[in-house]
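Asks: Sequence:
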Amino acid sequence: MLLLGTIFLLSSCKWKKSGSSEKNTESTLKSDYQLVWSDEFNYTGLPDSTKWSYDTEGNSEGWGNNEAQYYTKAKKENAWVQNGVLNIIALKEQYEGKDYTSARLNSKANWLYGKIEVNAKLPKGRGTWSAIWMMPKDWSFKDGDWPNIGEIDIMEHVGHNLGVIHASAHSTDYQWQKGTQQTDTIHIADVAEKFHSYIWEWTPEVMKAYVDDQLYFEYKNEGLGESKWPYIKPFYLILNVAVGGAWGSVEGIDAEAFPQTMQVDYVRIFQKR
Numbered sequence: 001m002l003l004l005g006t007i008f009l010l011s012s013c014k015w016k017k018s019g020s021s022e023k024n025t026e027s028t029l030k031s032d033y034q035l036v037w038s039d040e041f042n043y044t045g046l047p048d049s050t051k052w053s054y055d056t057e058g059n060s061e062g063w064g065n066n067e068a069q070y071y072t073k074a075k076k077e078n079a080w081v082q083n084g085v086l087n088i089i090a091l092k093e094q095y096e097g098k099d100y101t102s103a104r105l106n107s108k109a110n111w112l113y114g115k116i117e118v119n120a121k122l123p124k125g126r127g128t129w130s131a132i133w134m135m136p137k138d139w140s141f142k143d144g145d146w147p148n149i150g151e152i153d154i155m156e157h158v159g160h161n162l163g164v165i166h167a168s169a170h171s172t173d174y175q176w177q178k179g180t181q182q183t184d185t186i187h188i189a190d191v192a193e194k195f196h197s198y199i200w201e202w203t204p205e206v207m208k209a210y211v212d213d214q215l216y217f218e219y220k221n222e223g224l225g226e227s228k229w230p231y232i233k234p235f236y237l238i239l240n241v242a243v244g245g246a247w248g249s250v251e252g253i254d255a256e257a258f259p260q261t262m263q264v265d266y267v268r269i270f271q272k273r
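Heads up: the sequence shown begins at 1 in full-length UniProt numbering, then just goes up one per residue.
I should point out that these hints are in silico values taken from the structure, not numbers from a laboratory. Among the hints, erroneous ones may be present.
To be verified - Derived DEER-like restraints, expressed as beta-carbon distance ranges:
#: 1; residue 1: ASP138; residue 2: GLU61; range: 18 to 24 Å
#: 2; residue 1: ASN42; residue 2: GLU193; range: 22 to 28 Å
#: 3; residue 1: GLY84; residue 2: PRO234; range: 33 to 39 Å
What the hints assert, rightly or not - Dumping the calculated DSS-like pairs for lysine-lysine here, alpha-carbon to alpha-carbon at most 27 Å:
#: 4; residue 1: LYS76; residue 2: LYS108
#: 5; residue 1: LYS233; residue 2: LYS76
#: 6; residue 1: LYS121; residue 2: LYS142
#: 7; residue 1: LYS92; residue 2: LYS121
#: 8; residue 1: LYS178; residue 2: LYS194
#: 9; residue 1: LYS51; residue 2: LYS108
#: 10; residue 1: LYS75; residue 2: LYS51
#: 11; residue 1: LYS51; residue 2: LYS121
#: 12; residue 1: LYS92; residue 2: LYS75
#: 13; residue 1: LYS233; residue 2: LYS194
#: 14; residue 1: LYS208; residue 2: LYS75
#: 15; residue 1: LYS194; residue 2: LYS228
All residues carry an ideal CB built from backbone N, CA and C; glycine is no exception.
Turn these sequences into a full structure, and let the hints steer you where they fit.
Replies: This is how it looks when you write it as structure tokens:
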């Protein structure tokens, strides 16, 4: 998600979906990775408070991107788990001076290196900006030190460019404001109709992004210091649906398209054995 301006081992897990995402997970488990954290969303209610927190501190500044939504806290209309799926819902409604509401969830755990897998179905309305991404442990929007501290974008998708999935890494030297960010895209036509696994593999040497089993982004550590590779500290995971903003509203916001929902079937974090 562009910005302007603990770990424990699970002994068992209930795999739910079939298809390419399950095959990918199966191959992951057969490799040298082990599952260290997950949320399968096998419950009903608000997101598990032992695993997730609500990020609201950038609401008054529009999150640095002039975004149109207000991120709420523990409001079931914006974040709710039901039928094994987390729903992050962007609504058109007047709230705290904004025209839309949504939710932005941060994982309470954080990780240094590993494989992050989020199985999700994305919103498609013009004006939506959904993201699965990571920021450094203990980072605050108020710190004002972006992009020097680094940002990992596992998946970004804007509704006016349906099916185009972006993966990016931002740092002091490699960032979108300079047009130098490390980034690539892949087109997945049915992102709003089907669940896909958005995967980020992160080692000291390289970062890679996949959709299901398709590798489409690779960024190797050049060994030139933190201005290019600040990814040497733990990062936490963020799930959110923004509305509008510098990128999301490039072709305007279709108010009639709302509500719009990002559904998340599971989140799984793996690390090397």
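Asks: Next step is simple, just say for each hint if it's right about the structure.
Replies: Results for each hint:
no. : hint                        : verdict
1   : ASP138 to GLU61: 18 to 24 Å : holds (19 Å)
2   : ASN42 to GLU193: 22 to 28 Å : holds (23 Å)
3   : GLY84 to PRO234: 33 to 39 Å : violated (29 Å)
4   : LYS76 to LYS108             : holds (19 Å)
5   : LYS233 to LYS76             : violated (33 Å)
6   : LYS121 to LYS142            : violated (31 Å)
7   : LYS92 to LYS121             : holds (20 Å)
8   : LYS178 to LYS194            : violated (34 Å)
9   : LYS51 to LYS108             : holds (5 Å)
10  : LYS75 to LYS51              : holds (17 Å)
11  : LYS51 to LYS121             : holds (21 Å)
12  : LYS92 to LYS75              : holds (14 Å)
13  : LYS233 to LYS194            : violated (34 Å)
14  : LYS208 to LYS75             : violated (34 Å)
15  : LYS194 to LYS228            : violated (35 Å)
Hint check: violations occur at hints 3, 5, 6, 8, 13, 14, 15; the rest are consistent with the structure.
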